[in-house]
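Line by line, the protein sequences are chains A and B.
For the first sequence, the residue numbers in our numbering are 1 to 102.
For the second sequence, the residue numbers in our numbering are 1 to 362.
Be aware that one or more of the hints could be misleading.
[Said to hold, decoys possible] Within a straight-line C-alpha distance of at most 25 Å, the following computed DSS-like cross-link-like pairs (lysine-lysine) qualify:
no., chain 1, residue 1, chain 2, residue 2
1, B, 97, B, 168
2, B, 109, B, 97
3, B, 301, A, 54
4, A, 74, A, 3
5, B, 168, A, 18
6, B, 235, A, 18
Derived from the structure by calculation, the hints contain no laboratory data.
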Amino acid sequence: MEKIQALTSENGVVIFTKSTCCLCYAVTVLFQELRVNPVAYEIDQDPEGWEIEKALLKQGCSSPPVPAVFIGGKLVGSTNEVMSLHLSGSLIPLLKPYQSLS
Amino acid sequence: MNSSSTQYLNSKRMDVYDTMHPFSMWGDFKGNLYQDAAATMILEVDAKLDNQSEDTSHTTNIPFNQYDQEATKPVNKVLRRLAQNREAARKSRLRKKAYVQQLEASRLKLHHLEQELEQTRAQCALMSGGVNASHLRFPKPAKSGIAAFEIEYEQWVEEQDKKTNALKAALHSSLSDEEIDKLITDNMNHYAILFNIKAAAAKADVFYLISGVWKTSTERLFLWIGGFRPSDLLKVLVPQLQYNLLDQQSHDLYNLTQACQQAEDSLSQGMEKLQQTLSEAVACSQALGGGRYEMHNAMEKLEELVRLVIQADFVRHETLQQTLRYLTTRQSAQGLISLGEYFQRLRDLSSAWATRPCEPTA
């Protein structure tokens, strides 16, 4: 889907979220803690958000498809994948190119 | 005759008389009472004498004593026996009365206990559903899900204690690393079962799970989003092993501790966010452009809670698995034993606290 393609290629770390989703908020907070500033795109605030949701489901995300995390243009997964990667020590290496210097 | 009729009346109120007069009363088979057998004889003998005196005058010379000795001996025996029978019957009636009174009292007590039990059962049914008004109005079929969880969890705890003890025995015996590995895998599979049954319970009644009523009181002290903190897990395990760790292991476990804390903090913030959005949805402030209060908006927020609890369990499980990744077989076994014993002790502590002797109020 073009919108997803555009967003994820232009930005290192993109998280598709919904404003009501607390797990989306948790993942965003985690990334910020790791000195990364992700682009959080709220699909429920987009009139065409349902299309994005459909596309995400097609890409293999289970329902609900948020949070959907893209790093370097590639779909990493949802909260489970993020937590799993982080606890196994594999998340930070993925985020390294996008970490702020501060 | 006056005396005999009053004595007959007296015999009907014999029970009352008995309590007042300690000496036993003589009575003949007709139910007539006589205070003194001899006096009885005197009456009868007098009557006989009177009769006899009417017939012949020369028979009045019969000595009273002789008459008494011969004619009253067998009569005495009969009277004594009858009196004893009467006494035994009276005592038997009293015992029966006492027994029946006891039975009546027990029956009343049983009735009261049954009522109390019913009330307690009703209260427990309400409490296990949570202090939630809607539960009373809309009884959920999910209650069976929770009932199932309670049974399964109790069994899980029993089984877990057994597995911890088996692992402990294995570690102190001469079993090979492969055999210990099998027990470790078995133990880890058992933890996987715990998170499965918890997930089912979260879907059935998330508030039940998050309240921690299914845990013992000391465990509840450490409650975080429906279970123990993942960071607590490492706090229990790592100090037990720290003197036996290689530098690389220490380094890896330190990184894991950091990552675990960050994951935990992000979920804590997720929970805060959920509470905030729920509160806003319920308050539905016009100033924030909230419009009219819609219950379904608030309900949506509660759905989020289920996801959050299941996510917290995922992090618990994942942390445990990652920890063992860095440990040798024997270290892993020791780690699982420490963890198992830790929770065992918390549970025992709860029981001990609950059954400690209460201090008398001043």
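Status of the hints after comparison with the structure:
1. B:97 <-> B:168: violated (64 Å)
2. B:109 <-> B:97: Since the Cα atoms of residue 109 of chain B and residue 97 of chain B sit roughly 19 Å apart, the hinted pair holds (cutoff 25 Å).
3. B:301 <-> A:54: OK: residue 301 of chain B and residue 54 of chain A at ~22 Å, within 25 Å.
4. A:74 <-> A:3: Holds, at roughly 14 Å.
5. B:168 <-> A:18: violated (48 Å)
6. B:235 <-> A:18: Status violated; Cα separation ~35 Å.
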